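Visitor: Listed here are the chains, written in short residue letters.
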Amino acid sequence: MLTKLIKYDIRSTWRDFTGIFLAILLGVILVPMAMKNFSNELVQLTAGLVAFAIVIAVIAITIINLFKIYNTNVFSKEGYLTMTLPVKASQILTSKLLVSSMWITLTGIVSIIGMIIFTLIITPMGLDQLWIGFRALAEQLDGMAVPTLILLALVIILSITKEVAKLFLACTVAHLKFMAKWRIPLGILTYFVLSWIESFIFQITGDILFRLSGRFEELALQLQSMAGSATPQEFLGLFNGALGIGMVYSLLLIVGFSALTIWLLNHKLDLD
Amino acid sequence: MNLIEINNLSKTYPGTKALKEIDLTLESGHIIGLLGPNGSGKTTLMKILTGIIRDHEGQVLIQGQPVSEKTKALVSYLPDCSYFSSWMRPVDIMEMFQDFYQDFSREKFRSMLQSLGLNEKQRIRTMSKGMVEKLQLCLVMSRDAHLYVLDEPIGGVDPAARDYILDTILSNYNEHSTILMSTHLIADVEKLFDTVIFLKEGSVVLHGEIDDIRAREGKSIDELFREVFRC
Amino acid sequence: MTNQYLSGIPIYLQLSDLFTHRIVSGEWAPGSKVESVRDLAILHEVNPNTMQRALTQLEKDGLVYAERTTGRFITKDKELIGKMKRKLAEELIDAFMKQMESIGIGKKEAMELFLSRAKMEGGEQ
Numbered sequence: 000m001l002t003k004l005i006k007y008d009i010r011s012t013w014r015d016f017t018g019i020f021l022a023i024l025l026g027v028i029l030v031p032m033a034m035k036n037f038s039n040e041l042v043q044l045t046a047g048l049v050a051f052a053i054v055i056a057v058i059a060i061t062i063i064n065l066f067k068i069y070n071t072n073v074f075s076k077e078g079y080l081t082m083t084l085p086v087k088a089s090q091i092l093t094s095k096l097l098v099s100s101m102w103i104t105l106t107g108i109v110s111i112i113g114m115i116i117f118t119l120i121i122t123p124m125g126l127d128q129l130w131i132g133f134r135a136l137a138e139q140l141d142g143m144a145v146p147t148l149i150l151l152a153l154v155i156i157l158s159i160t161k162e163v164a165k166l167f168l169a170c171t172v173a174h175l176k177f178m179a180k181w182r183i184p185l186g187i188l189t190y191f192v193l194s195w196i197e198s199f200i201f202q203i204t205g206d207i208l209f210r211l212s213g214r215f216e217e218l219a220l221q222l223q224s225m226a227g228s229a230t231p232q233e234f235l236g237l238f239n240g241a242l243g244i245g246m247v248y249s250l251l252l253i254v255g256f257s258a259l260t261i262w263l264l265n266h267k268l269d270l271d
Numbered sequence: 000m001n002l003i004e005i006n007n008l009s010k011t012y013p014g015t016k017a018l019k020e021i022d023l024t025l026e027s028g029h030i031i032g033l034l035g036p037n038g039s040g041k042t043t044l045m046k047i048l049t050g051i052i053r054d055h056e057g058q059v060l061i062q063g064q065p066v067s068e069k070t071k072a073l074v075s076y077l078p079d080c081s082y083f084s085s086w087m088r089p090v091d092i093m094e095m096f097q098d099f100y101q102d103f104s105r106e107k108f109r110s111m112l113q114s115l116g117l118n119e120k121q122r123i124r125t126m127s128k129g130m131v132e133k134l135q136l137c138l139v140m141s142r143d144a145h146l147y148v149l150d151e152p153i154g155g156v157d158p159a160a161r162d163y164i165l166d167t168i169l170s171n172y173n174e175h176s177t178i179l180m181s182t183h184l185i186a187d188v189e190k191l192f193d194t195v196i197f198l199k200e201g202s203v204v205l206h207g208e209i210d211d212i213r214a215r216e217g218k219s220i221d222e223l224f225r226e227v228f229r230c
Numbered sequence: 000m001t002n003q004y005l006s007g008i009p010i011y012l013q014l015s016d017l018f019t020h021r022i023v024s025g026e027w028a029p030g031s032k033v034e035s036v037r038d039l040a041i042l043h044e045v046n047p048n049t050m051q052r053a054l055t056q057l058e059k060d061g062l063v064y065a066e067r068t069t070g071r072f073i074t075k076d077k078e079l080i081g082k083m084k085r086k087l088a089e090e091l092i093d094a095f096m097k098q099m100e101s102i103g104i105g106k107k108e109a110m111e112l113f114l115s116r117a118k119m120e121g122g123e124q
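Protein chains in written order, with numbering that gives the first Met the number 0: chain A, 0 to 271; chain B, 0 to 230; chain C, 0 to 124.
Because the hints were derived from the structure by calculation, they are not lab data. Keep in mind the model is a prediction, meaning the values are calculated, not measured. Note that the Cβ used here is the ideal one computed from N, Cα and C, for glycine as well.
Among the chain A residues that face chain B by a calculated CB cut under 10 angstroms, a handful are:
no.: 1; residue: 0
no.: 2; residue: 3
no.: 3; residue: 4
no.: 4; residue: 10
no.: 5; residue: 75
no.: 6; residue: 77
no.: 7; residue: 80
no.: 8; residue: 83
no.: 9; residue: 87
no.: 10; residue: 88
no.: 11; residue: 90
no.: 12; residue: 267
Quick list of simulated restraints, FRET-style, between CB atoms:
no.: 13; chain 1: B; residue 1: 26; chain 2: A; residue 2: 266; range: 25 to 35 angstroms
no.: 14; chain 1: B; residue 1: 120; chain 2: A; residue 2: 202; range: 48 to 58 angstroms
no.: 15; chain 1: B; residue 1: 124; chain 2: A; residue 2: 184; range: 24 to 34 angstroms
no.: 16; chain 1: C; residue 1: 101; chain 2: B; residue 2: 110; range: 46 to 56 angstroms
no.: 17; chain 1: A; residue 1: 177; chain 2: B; residue 2: 124; range: 28 to 38 angstroms
no.: 18; chain 1: B; residue 1: 229; chain 2: A; residue 2: 177; range: 31 to 41 angstroms
no.: 19; chain 1: A; residue 1: 10; chain 2: C; residue 2: 7; range: 47 to 57 angstroms
no.: 20; chain 1: A; residue 1: 10; chain 2: B; residue 2: 107; range: 18 to 28 angstroms
no.: 21; chain 1: B; residue 1: 200; chain 2: C; residue 2: 101; range: 42 to 52 angstroms
no.: 22; chain 1: C; residue 1: 65; chain 2: B; residue 2: 157; range: 32 to 42 angstroms
no.: 23; chain 1: C; residue 1: 59; chain 2: A; residue 2: 177; range: 57 to 67 angstroms
Work out the full structure, taking the sequences as your base and the hints as a guide.
Guide: What follows is the structure in structure tokens.
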């Protein structure tokens, strides 16, 4: 059932995202070419504006689709279809989280590729320089760069997923029956309250860990001295550790936000 | 086992109580008319049965189970509004129903679409209100469900389509399913029902077999309704 | 789907009356098979449970009998059908006389009117 839900969530959103990908790719090809070949100020300005517009469009389309995939599909008239399907609320939410994260990740990848193309067009020698720089760095880190990069990518993706899960929870809270007229402002408020609670917990956890007896103070001092004189490999090792903790943190929050959302869907759903 | 068991069901909104301690037991093999004026709680009751409203007091059991994804597989719902996404065409929703519902029949759906003059490939957002209602009916009736919940199925369609819809409802009848239908057009539809429920301001004021009621009251359900719900 | 049934009387009784007419008139031939409850219900646009009750009523009256595996059949008992025919005729006559009385025509006058009219009809034929 989950795969089927994913299929239809993708179907409802792929047009918008492939459109945005095309716009990015077109933009990163046309804009620098225009800037390079025409020194006319008007053209330069237009090119700059186009670039800016594309960035805005990407952000806008992403946010709109996030709402489309969850808020509209669950709480508008479409909900009469979605919420009567013989599937669990957890499956519905999981599908939407996965598809949203997938699209955002793809948008990120396309953007990075876009930036590389952009750079290449502006400075054709750039590719060689980039590659040389890359090789040097990789050699220095002695092959440890790859796991770090993967971990880094994962942390970023999980972080995004966490934000999306938070957004979905805020939407769900906003649709509680007693919210009525104040739905939109309360939804936004909920999102920020959740973010604040999140950073609060983060701070407290950090504080607690820090204050726990001498053992940890010693470890902290050790870490500090290590950080100062560490080799790149050792530093990477620590960094990977930090990334790992970051991943666990995001995962816990994703589970937490999702569990709350699912509970609300199962006990407080009241479609208009 | 009863198809539907409702115990002490209440639903409160800020300011009103839409359903007041409702007790109902409904069995398979019936076509039941759920009648009452606007605001009497018919739609609320239907939404609770179909799982669209989860926030209520009291117990609702469908084939012995509380409302869940398992009961949704047994229930075919025709709501009072269009629930399609803007990207959909009939073929898309057909595929979706095929994917999610074991009891859905493509052949039946297609033939119904054809009888009603609907085009499989037409974007639903370009269809008229009447066409969308017909489409939704085709979907609902192409499932071999245990419970059909129809919220005003003939309200907005022309008389010819109305006849077709009512005939379809009749031919979909079988002993192991029940059709629960709300309507305002009582006179037209009365003879389709064997059981009738009057809902007044959130309470059940009448529930019984139509023939018994007609014999006892000496009038049609339509006439009785006008009496009970006189403004 | 227009409503062609009277309001105060249960539909199943109206249906069993209709079918009784058909049996008595020979439209539903003695011994012939009765269509299934479903098909009849769809044909007459009524609830199948209602149709079932109508047929059960016919069974009670003896005009229809059920074979466990093959379905329902019209009785072959011509005497019974004849009795029912007479009963219906009597009901019609009673109704006729009542209606005549309501416009102030007594039984004797009604009979005379009837005979002269019947002769006229016969003459025209």
